[in-house]
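Here's the letter readout for the chains.
Number of protein chains: 2
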Amino acid sequence: MYEGPVQTLIDELGRLPGIGPKSAQRLAFHLLGTDRADAERLAQAITAAARDVHFCQRCFNVAEAEECRICRDPKRDQSVLCVVAEPKDVQAIEKTGEFRGRYHVLGGMIVPIDGITPDKLHIAELLRRMGIEDISEVVLALNPTVDGETTASYLTKQLKALEVSITRIASGLPVGGDLEYADQVTLGRAFAGRTAM
Amino acid sequence: MYEGPVQTLIDELGRLPGIGPKSAQRLAFHLLGTDRADAERLAQAITAAARDVHFCQRCFNVAEAEECRICRDPKRDQSVLCVVAEPKDVQAIEKTGEFRGRYHVLGGMIVPIDGITPDKLHIAELLRRMGIEDISEVVLALNPTVDGETTASYLTKQLKALEVSITRIASGLPVGGDLEYADQVTLGRAFAGRTAM
Chain A
135 MYEGPVQTLI
145 DELGRLPGIG
155 PKSAQRLAFH
165 LLGTDRADAE
175 RLAQAITAAA
185 RDVHFCQRCF
195 NVAEAEECRI
205 CRDPKRDQSV
215 LCVVAEPKDV
225 QAIEKTGEFR
235 GRYHVLGGMI
245 VPIDGITPDK
255 LHIAELLRRM
265 GIEDISEVVL
275 ALNPTVDGET
285 TASYLTKQLK
295 ALEVSITRIA
305 SGLPVGGDLE
315 YADQVTLGRA
325 FAGRTAM
Chain B
135 MYEGPVQTLI
145 DELGRLPGIG
155 PKSAQRLAFH
165 LLGTDRADAE
175 RLAQAITAAA
185 RDVHFCQRCF
195 NVAEAEECRI
205 CRDPKRDQSV
215 LCVVAEPKDV
225 QAIEKTGEFR
235 GRYHVLGGMI
245 VPIDGITPDK
255 LHIAELLRRM
265 GIEDISEVVL
275 ALNPTVDGET
285 TASYLTKQLK
295 ALEVSITRIA
305 SGLPVGGDLE
315 YADQVTLGRA
325 FAGRTAM
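Chains as they are written, first to last, in the numbering used here: chain A, 135 to 331; chain B, 135 to 331.
If we strip away everything but chain A, and leave its shape as in the complex, we get (with noise of 0.2 Å):
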């Protein structure tokens, strides 16, 4: 194949998610053609996030420190926790401006069948602050699929027994949708989540 380093460059590419040989051969001849300062700062950034990236130990966000700064921020509504799958759920949901409370990344939804099971997810830690901290409502916010179903269903057992409100973010029509093209499933959610004018 190619000359030593630039073949060891392809087959690292490769191995990220979703990029294949001539994926990974297209951007390791961008990293080498163009600017080469771009390849050394983009060296840097992986190594800077693997090395000062952890994870927030209350609530598995991504931190700097050893919380992160939705978890350190005192202005945050402590008494309401929104239970996501992932990161980026996280950020999707600060966008919004909606919600004044705090998170708990699960690092994942239950899919059984990927040996993705319970004790796999962040959920020991989700109950362990349940009995810590002063939660009166949890809010699911998992996607509306199968495996955000088996999660929440999962979660909503666990969590019955304690004295807390468990609500899940609606699911219907996206805003700009239309009726007509809606699926089934949406509509017939839209209908039974129907709220007073």
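Bear in mind the hints are in silico, worked out from the structure with no lab data behind them.
Model, not experiment: these values are computed from the prediction.
From the three backbone atoms N, C-alpha and C, an ideal C-beta is built for every residue, glycine too.
Don't take every hint at face value.
What follows is a list of derived Cβ distance ranges for each label pair [unchecked claim]:
| # | chain 1 | residue 1 | chain 2 | residue 2 | range |
| --- | --- | --- | --- | --- | --- |
| 1 | B | Lys291 | A | Glu174 | 39 to 49 Å |
| 2 | B | Arg206 | A | Arg170 | 22 to 32 Å |
| 3 | B | Arg234 | A | Arg170 | 55 to 65 Å |
| 4 | B | Ser305 | A | Gly231 | 54 to 64 Å |
| 5 | B | Gly322 | A | Leu313 | 48 to 58 Å |
| 6 | B | Glu228 | A | Arg170 | 23 to 33 Å |
| 7 | B | Asp186 | A | Thr230 | 45 to 55 Å |
| 8 | A | Pro252 | B | Glu232 | 55 to 65 Å |
| 9 | B | Arg175 | A | Asp312 | 41 to 51 Å |
| 10 | A | Asp312 | B | Val245 | 33 to 43 Å |
| 11 | B | Ile303 | A | Thr230 | 48 to 58 Å |
| 12 | A | Gly231 | B | Glu228 | 49 to 59 Å |
Got chain A; can you put chain B on it based on the hints?
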């Protein structure tokens, strides 16, 4: 957005061609989530490639030394020169095992609308090689696209004055292809380029 190094990593990954913000985020979390030794290896591969990979002084293929492996190989036929656009084309041709001559990598194709004029490519170096080296045949192995045709006809004009035979790789039906589904231009080319049985 994300805290410090994560956002930097996402931004740097997002500068790669074909990697949008969502893919960059997915790749960043992959690098942070799985074994961090993987991330470190990728960073090292990028640094090593940017530092150690050069372009062959003779043919502009990727090389670790001043000249690439192919130019250094005394067993290659010095009288046949294959002109390609990119180093990856060299690899594609090498894989076939059909060509035992040497290469000249242009570094792209002539696309005036994108500002890629002949002086941006290694065409002057090609003409210099023609004067110094004992080359009897130049094989143009450029993509059968508009840009490839433009480049091929420009090169043909430049090389015509020299006593050298200029050939181009055949265009026609791909092996395993089907007459019925071939486009008209390809089928036309296949007829024009028919050979004796």
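### Query
Any of the earlier hints contradicted here, and which numbers?
3
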